[in-house]
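One-letter residues, chain by chain:
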Amino acid sequence: MCRQLFLAAVAAICTIAGAACGSNTTSNATTAGASRSGIPRGGELLVSVRSEPRSFNRHAARDTTTSLVSNLTQSRLVRVNQATQAVEPLLAESWTTEDQGRQLTLSLRRDVVFSDGHPFTADDVLFAFESVYDEKTGSVLADSLQEGGKKLQVSATDPYTVVVTFPAAFAPGIRLLDSLPILPRHKLEGALKAGTFRKAWSLDTQPAEIVGLGPFLLSEYQPGQRLVFTRNPKYFAKAPDGGALPYLDRVVAEIIPDQSAELLRLESGQLDMMTSEISPEAYAPLKRAADEGRVKLLDLGVSRNADAFWFNLKPGAFGEDPRAGWLQRDELRRAISMAVDRKLFADTVFFGAGVPVYGPETPANKIWYWPGLPQTPHDAAAAKQLLASIGLSDRNNDGMLEDAQNRPARFTLLTQKGRPNLERGAAVIRDELKKIGLTVDVAALDAGAVIDQLLHAKYEALYFNADKSDLDPGTNPDFWFSFGSAHMWNLEEKAPVTDWEKKIDELMARQIATLDEAKRKTIYNDVQKIFYEHQPIVYFVAPRIYVAHSSRVMNLTPSEYRPQLFWRPETVAVVH
Amino acid sequence: MIRYFARRLAFALVLVIGVSSATLMLTRLAPGDFITESLGTGASQQTIAQQRARYGLDKSIGAQYRDWIAGAARLDLGYSMQYGRPVRDLIPERAANTAILAITALLFATLIGLPLGVITGSRRGGAMAGAIRAASLVLLSMPPLLTSLFLVFLAARTGWLPISGMRSATVPAGGALIDLLRHLVVPAAAIALPLAAMLERLQAQAMSEVIRAPFVLATLARGVPQSRVLWRGALKAALRPVAGVYGLVIGSLLSGSFAVEVITAWPGLGSLMLQALRTRDIYLVAGCAGAGALFLACGTLVSDVALAAVDPRVSEMRTERA
Numbered sequence: 001m002c003r004q005l006f007l008a009a010v011a012a013i014c015t016i017a018g019a020a021c022g023s024n025t026t027s028n029a030t031t032a033g034a035s036r037s038g039i040p041r042g043g044e045l046l047v048s049v050r051s052e053p054r055s056f057n058r059h060a061a062r063d064t065t066t067s068l069v070s071n072l073t074q075s076r077l078v079r080v081n082q083a084t085q086a087v088e089p090l091l092a093e094s095w096t097t098e099d100q101g102r103q104l105t106l107s108l109r110r111d112v113v114f115s116d117g118h119p120f121t122a123d124d125v126l127f128a129f130e131s132v133y134d135e136k137t138g139s140v141l142a143d144s145l146q147e148g149g150k151k152l153q154v155s156a157t158d159p160y161t162v163v164v165t166f167p168a169a170f171a172p173g174i175r176l177l178d179s180l181p182i183l184p185r186h187k188l189e190g191a192l193k194a195g196t197f198r199k200a201w202s203l204d205t206q207p208a209e210i211v212g213l214g215p216f217l218l219s220e221y222q223p224g225q226r227l228v229f230t231r232n233p234k235y236f237a238k239a240p241d242g243g244a245l246p247y248l249d250r251v252v253a254e255i256i257p258d259q260s261a262e263l264l265r266l267e268s269g270q271l272d273m274m275t276s277e278i279s280p281e282a283y284a285p286l287k288r289a290a291d292e293g294r295v296k297l298l299d300l301g302v303s304r305n306a307d308a309f310w311f312n313l314k315p316g317a318f319g320e321d322p323r324a325g326w327l328q329r330d331e332l333r334r335a336i337s338m339a340v341d342r343k344l345f346a347d348t349v350f351f352g353a354g355v356p357v358y359g360p361e362t363p364a365n366k367i368w369y370w371p372g373l374p375q376t377p378h379d380a381a382a383a384k385q386l387l388a389s390i391g392l393s394d395r396n397n398d399g400m401l402e403d404a405q406n407r408p409a410r411f412t413l414l415t416q417k418g419r420p421n422l423e424r425g426a427a428v429i430r431d432e433l434k435k436i437g438l439t440v441d442v443a444a445l446d447a448g449a450v451i452d453q454l455l456h457a458k459y460e461a462l463y464f465n466a467d468k469s470d471l472d473p474g475t476n477p478d479f480w481f482s483f484g485s486a487h488m489w490n491l492e493e494k495a496p497v498t499d500w501e502k503k504i505d506e507l508m509a510r511q512i513a514t515l516d517e518a519k520r521k522t523i524y525n526d527v528q529k530i531f532y533e534h535q536p537i538v539y540f541v542a543p544r545i546y547v548a549h550s551s552r553v554m555n556l557t558p559s560e561y562r563p564q565l566f567w568r569p570e571t572v573a574v575v576h
Numbered sequence: 001m002i003r004y005f006a007r008r009l010a011f012a013l014v015l016v017i018g019v020s021s022a023t024l025m026l027t028r029l030a031p032g033d034f035i036t037e038s039l040g041t042g043a044s045q046q047t048i049a050q051q052r053a054r055y056g057l058d059k060s061i062g063a064q065y066r067d068w069i070a071g072a073a074r075l076d077l078g079y080s081m082q083y084g085r086p087v088r089d090l091i092p093e094r095a096a097n098t099a100i101l102a103i104t105a106l107l108f109a110t111l112i113g114l115p116l117g118v119i120t121g122s123r124r125g126g127a128m129a130g131a132i133r134a135a136s137l138v139l140l141s142m143p144p145l146l147t148s149l150f151l152v153f154l155a156a157r158t159g160w161l162p163i164s165g166m167r168s169a170t171v172p173a174g175g176a177l178i179d180l181l182r183h184l185v186v187p188a189a190a191i192a193l194p195l196a197a198m199l200e201r202l203q204a205q206a207m208s209e210v211i212r213a214p215f216v217l218a219t220l221a222r223g224v225p226q227s228r229v230l231w232r233g234a235l236k237a238a239l240r241p242v243a244g245v246y247g248l249v250i251g252s253l254l255s256g257s258f259a260v261e262v263i264t265a266w267p268g269l270g271s272l273m274l275q276a277l278r279t280r281d282i283y284l285v286a287g288c289a290g291a292g293a294l295f296l297a298c299g300t301l302v303s304d305v306a307l308a309a310v311d312p313r314v315s316e317m318r319t320e321r322a
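Chains as they are written, first to last, in our numbering: chain A, 1 to 576; chain B, 1 to 322.
You may find that some hints are simply not true.
Pairs of lysine-lysine residues, derived as DSS-like cross-links and limited to a Cα-Cα distance of at most 27 Å, are as follows [what the hints assert, rightly or not]:
id : chain 1 : residue 1 : chain 2 : residue 2
1  : B       : 236       : A       : 136
2  : B       : 59        : A       : 458
3  : A       : 199       : B       : 236
4  : A       : 187       : A       : 238
5  : A       : 314       : A       : 187
6  : A       : 136       : A       : 193
Sample of chain A residues lacking proximity to chain B, with all beta carbon distances greater than 10 Å (derived) [to be verified]:
id : residue
7  : 51
8  : 102
9  : 103
10 : 156
11 : 435
12 : 441
To list a few chain B residues with every Cβ distance to chain A over 10 Å, as calculated [to be verified]:
id : residue
13 : 88
14 : 103
15 : 133
16 : 137
17 : 155
18 : 308
No lab work stands behind these hints, which were simulated from the structure alone. Bear in mind that the values here come from a model prediction, so they are computed numbers and not experimental data. Beta carbons are placed, not taken as given, at the ideal position from N, Cα and C, and that holds for glycine.
Okay, chain A solo, but in the shape it has when bound:
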């Protein structure tokens, strides 16, 4: 029996080892060749995603994998060039603005067909707007396609002309259309009428059922493993040399939940690129791999978003808590901004790969960043003086501050668990504030729980991400206006609570309605100044963004915004 057991074990090991040492090649059916510009055609690109898509319908989910599926298989009227921030034509080949920015007239391409051969017309654009505003659908895109809480009016004057009317003059107007995928009316109208549009194109839909205008077609979905896309031979856009796009034959998006495995696959050549930036911890091993020529490491510059620290400024949020007298004071936030050493913050949280930030925009926003904004000095003594001015001083000589009733100056800082940058950042804030006598208790919760506390205003202070969706401040009204749902420190105010918020509301309303870009810039500088003076959100450091890809990937247009290397998938090529 023993001998048989041993023989079975040896046989099993040999089978596996034999399999392991066997061929590691995959057979790629390609339309190999090269374009006239020398960019290779065909081949397969292996990218990674961290999680499965939640739907194949962009209206049903907003996670990054669903967005990737949408970007690959669907197209939009226009696209914001993530590298230059200019708006470039896609399905709309040109547009004009009338009525002082209230009305956009878009001319659609005439040579476009869906992947199933059905012609694309203005009717499909109208359908896209009908779906996004359909109440039964409850599209996740609905909020981003409104202006001042009102829907856009859309009509078609002929099969290739669409008129979009904004409720009021809206300078960034056309940029909003970047977020709307144009879906086929002939495939989905039935679902919309039946009130089941949101469930259409769910994950159990056969890939062949999914029709689009994007550069790729979803050809296979293996739950928990991968998504496979093949080139759409009917894709409308052409390469600069007039050749067909996309360059690639296939894109395989491997679902790899763990970043360590993702990096190892990239280093060992089993992956071409990740669809997100690399974490600060991963920089050193990837730098070694880059030095050895195994990968290419790109420094994309400073991120356009910095993690944010803010207090709950909702009036009455602290009830009878005696700390309410100082927790919501401007002086406290300004003192905190002064007390935290931003260089130390960058060194500890981002291992040196970060730049100090003092206002709502980082230097990555080349158009709207204002270099003239004052820079808060690191000055612990001045911070203590500011705290003393609101009644916080060391009354019992224990080195820590107390309020007028001798109660310790202490608050809880909530942050997200499992995000090393946030956890390290919260720890630095705690340690830096301890030096000026403030006691901070850091509590880390899951993202959903943190957001729940934020929505119910059940927190004292938060260190979290308050990312803006676009570089143009006019497209982020939810952040700037006091009634906004992303007005983090006090969500959806009925009326501006403070004079400075009222002033920001007025300025932003003017900024959005002004078509002159120089005037818009001047007004936004004023907004940033008010923001800096009151610091409803304190920013410390914006990280540098690094991405890596295999050396066979080419013709990339990197941007610091996700997916950094893959926002224009039709132009990416591989050497094969």
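With the hints as your guide, set chain B onto chain A.
Only chain B this time, still in chain A's reference frame:
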């Protein structure tokens, strides 16, 4: 005997209902939900309220549980919020992947651990026994997370094996089975190695006691060759403690190994449950937990059957009790 199995089945049912109900309640009670997690910051209160109503998250916890348990009685475990698919469809496909991994790992661990345990348990000294013992202790002290990371690193460095996933995007020349086997090596080894070490230690301990038992000494005194005594009579008697834990091991393996499945991107039950927990997909969490409890109950049953097979006294005792 039938009564005994009926009792075990009832116990399994209670365990599954209890575990999945408790998981559902706890996940629901924790702050935040699928909507806050999936919409992130910036969604309006109106949108959030609409979405909550859509998924029934605006109902009280009691009403939600009542609806769920009524559905579960009809084998309808609810809809996964993130996948938009019935939970009862999602679990079997992932459980099958976990089963492939678990059975392979168990097979490896048994084929390696038991014979090595017999060797170390039957020899008092010697370099070989010492080396096996030391290797077992090292493997036992390494958590599966570390073992998987090490093996993934090794696979990446050598390039011999795929680092993650279950199948290649394109079926290689060797065919789908070879492709699956190649993908199995890293995750199965990550689970099997510590398990083999545990089985080796258990088997060695049992074997060292059995070889001093009077029936073994008597058999040897009658002139039966030592290897025959060792691998036939003594091994069967020494299998009792191993059989005792075997069922539990099967149950826990079939419930999915979170660490190994996540690191090696194995699309099993463990990674599904982790994703469900992260997104607060309450019905899917409850379904996965229920499936895990079911596997555990089945595992203990297997364990009992195995114990009865190697020790007739156990089955006699149970028949008497029943």
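To see whether the hints hold, each was checked on the structure:
1. 236(B) / 136(A): Violated: residue 236(B) and residue 136(A) sit about 66 Å apart, past 27 Å.
2. 59(B) / 458(A): With a Cα-Cα distance of about 21 Å, the restraint between residue 59(B) and residue 458(A) holds, given a limit of 27 Å.
3. 199(A) / 236(B): Roughly 57 Å between the alpha carbons, so the hint for residue 199(A) and residue 236(B) is violated.
4. 187(A) / 238(A): It holds: about 26 Å lies between the C-alpha atoms, which stays within 27 Å.
5. 314(A) / 187(A): Given that 27 Å is the threshold and the Cα spacing comes to 46 Å, the pair is violated.
6. 136(A) / 193(A): holds, 10 Å
7. 51: Non-interface label on residue 51(A) violated, nearest chain B Cβ at 6 Å vs cutoff 10 Å.
8. 102: holds, 24 Å
9. 103: About 26 Å separates residue 103(A) from the closest Cβ of chain B, which puts it past 10 Å; holds.
10. 156: Holds, since 28 Å exceeds 10 Å.
11. 435: Holds, because the least Cβ-Cβ distance between residue 435(A) and chain B comes to about 30 Å, which exceeds 10 Å.
12. 441: holds, 17 Å
13. 88: holds, 13 Å
14. 103: The claim holds: residue 103(B) sits with its nearest Cβ about 12 Å from chain A, beyond 10 Å.
15. 133: Its Cβ never comes within 10 Å of chain A, the nearest being 19 Å, so this holds.
16. 137: holds, 21 Å
17. 155: violated, 8 Å
18. 308: holds, 20 Å
Checked against the numbered hints given earlier, this structure breaks hints 1, 3, 5, 7, 17; the rest are met.
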